[in-house]
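Counting from 1418, one number per residue, gives the positions in the first sequence under the working numbering.
Simulated from the structure, these hints should not be mistaken for laboratory data.
Note that the Cβ used here is the ideal one computed from N, Cα and C, for glycine as well.
Hints should not be assumed to be uniformly reliable.
[To be verified] Cβ pair distances, simulated, as ranges:
1. S1433 <-> H1700: 55 to 63 Å
2. S1527 <-> D1810: 41 to 49 Å
3. K1630 <-> D1657: 25 to 33 Å
4. V1444 <-> L1510: 16 to 24 Å
5. S1503 <-> A1452: 50 to 58 Å
6. K1422 <-> Y1677: 14 to 22 Å
7. D1613 <-> P1701: 20 to 28 Å
8. K1508 <-> S1466: 43 to 51 Å
9. T1652 <-> E1564: 25 to 33 Å
10. H1700 <-> S1533: 31 to 39 Å
11. K1784 <-> S1467: 30 to 38 Å
12. E1564 <-> P1701: 47 to 55 Å
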Amino acid sequence: MLDIKELRENIDQVQSSLLERGYSLDVRKFKELDAERKVLQVNVENLQSSRKKLSEDFGKLKATGEKVDDLKDKIDHLNKELKKESIELDKILESLNALLLDMPNVPHFSSPVGASESDNVVIKKYGTVDASKKVDHLSITKQIDTEMATKIAGPRFALLKGNMAKLQRSLITLMLETAIKNGYEEYYVPYMANRDSLIGVGQLPKFEEDLFKTTEGLYLIPTAEVPLTNIFRNTVVDEDDLPIKVTAHTPCFRSEAGSYGRDTKGLIRQHQFEKIELMQVTHPSHSLDDLDGLLNNAKEILDLLELPYQVVELCTGDLGFSSCKTFDIEVWMPGQSKYREISSCSNFSDFQARRSNIKFKDKNNNKSFAHTINGSGLALGRTLIALIENNYDENTKQIAIPKALQKYFDKNLINID
RNA sequence: GGAGAGUUGGCUGAGUGGUCGAAAGCGCCUCCCUGCUAAGGAGGUAACUGGGUAACUGGUUCGAGGGUUCGAAUCCCUCACUCUCCGCCA
């Protein structure tokens, strides 16, 4: 949510910033609504004030036993007027709020301007790509079974067995242990969340169709960002405690509505996948630096796994709804001969904090909205693909396990039968 | 699932229709007193928000929402959460 005061004062500037990310703000509508709001609100508050005074008089008259009929008529009349005006005001406030909830975050001035994915900027490449490797993970091992999963649940699900299930589990441990080492506190969280929680992070009301909803009205979480961020909803933290770093491993559920035909084979795009999420509540003056730190925490995993990757900065047109600045980490996937997103690290500035009411207080007890940042560290399914495809030796039919992972997997090779 | 109790300011906790944004205590802040400290004394101390350049001035908020009433922390209804007992269960 954007600051309504900022909108009142600098609406043209906000409009042009939002245009950079492809959102056209209806300035006239906003100005009209806010002007109406002002008139109605002042009016309603004046009426409330009069009623308060008259009701007090009423009490006094009654106490002295005088006649109150005339005064009652007067108050009744006033109440009628008040009710009418209040309803009008509520309507305007609701429209104003709906407009505010619909507006995406303003891109940070440092985000590269661009219209789409193709304008994203590659910041740096790491590791060496072995272009001779081209084998797809599904053809390497039968222990990733999407057909069996289709029987059980449907398309866009997967079943891992034996070594693959264990490999994923060891990756989870490696990632969580690394996060903990880097100062994140581990959480176990609900995998379902209520509406308020999803509005808080910016997922609702706009992107309902991307979510799975239960018959009880709860939503399956599309990312651990939802529960982790909502830990802090409606709270005030101490400035001295910032940044607060939290992490969780959860499954993520996404309907993938609108992605029919895309990435239909293998683990790349699933209704359910595992992810380790890194999340921080940070000071507004440090959130950019902290985002760099968080990005490094995610990169560290790829370094530990010795996988080739690149860091890409998203252009304004490709930014997520709540984000003002995002770096994607893309890992090399031999099966596709492409870099694919494996982590997305974003700064939400105070956008989520406003929606979720997350504040910090300074020494003088002054409260301000905090900043929130988060990123994957990492998405498990895609890590599994990258690991298998990059480390598979066609001649020996073996997958090499990187050194850092051996501690958790307790083998240095997987033999494919 | 059944029965009962509760939800008030940073905390504890009073408050059953108007003088209640709310007693008292604790905590915190300022000042006084005492050589320092402790003790003691006086005063202050909720949040959110509108209008206004400002001084200032209005509104809302006692778990949430609705209702009764001229007027609701207080009465009624619905919901959420917490606690106790019973049942069930990993």
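Against the structure, the hints come out as follows:
At about 28 Å, the CB distance of S1433 to H1700 disagrees with the hint of 55 to 63 Å. Take S1527 and D1810: their Cβ atoms lie about 43 Å apart, and the range 41 to 49 Å holds. Distance hint check: the CB atoms of K1630 and D1657 are about 40 Å apart, inconsistent with the given range 25 to 33 Å. Range check, V1444 to L1510: Cβ separation about 19 Å, and the 16 to 24 Å hint holds.
Evaluation of the 50 to 58 Å hint for S1503 and A1452 yields a failure: the beta carbon distance comes to about 18 Å. Evaluation of the 14 to 22 Å hint for K1422 and Y1677 yields a failure: the beta carbon distance comes to about 42 Å. Separation of D1613 from P1701 is about 24 Å and conforms to the stated range, judged on CB atoms against 20 to 28 Å. Distance hint check: the CB atoms of K1508 and S1466 are about 22 Å apart, inconsistent with the given range 43 to 51 Å.
Taken as a hint, the range 25 to 33 Å is violated for the pair T1652 and E1564, whose Cβ atoms sit roughly 46 Å apart. The hinted window of 31 to 39 Å between H1700 and S1533 holds, with their beta carbons roughly 33 Å apart. Between K1784 and S1467 the CB atoms are about 33 Å apart, so this pair conforms to the stated range of 30 to 38 Å. Between E1564 and P1701 the Cβ separation comes to about 50 Å, which falls inside the hinted range of 47 to 55 Å.
Going down the numbered hints, you'll see the structure goes against 1, 3, 5, 6, 8, 9, while the others check out.
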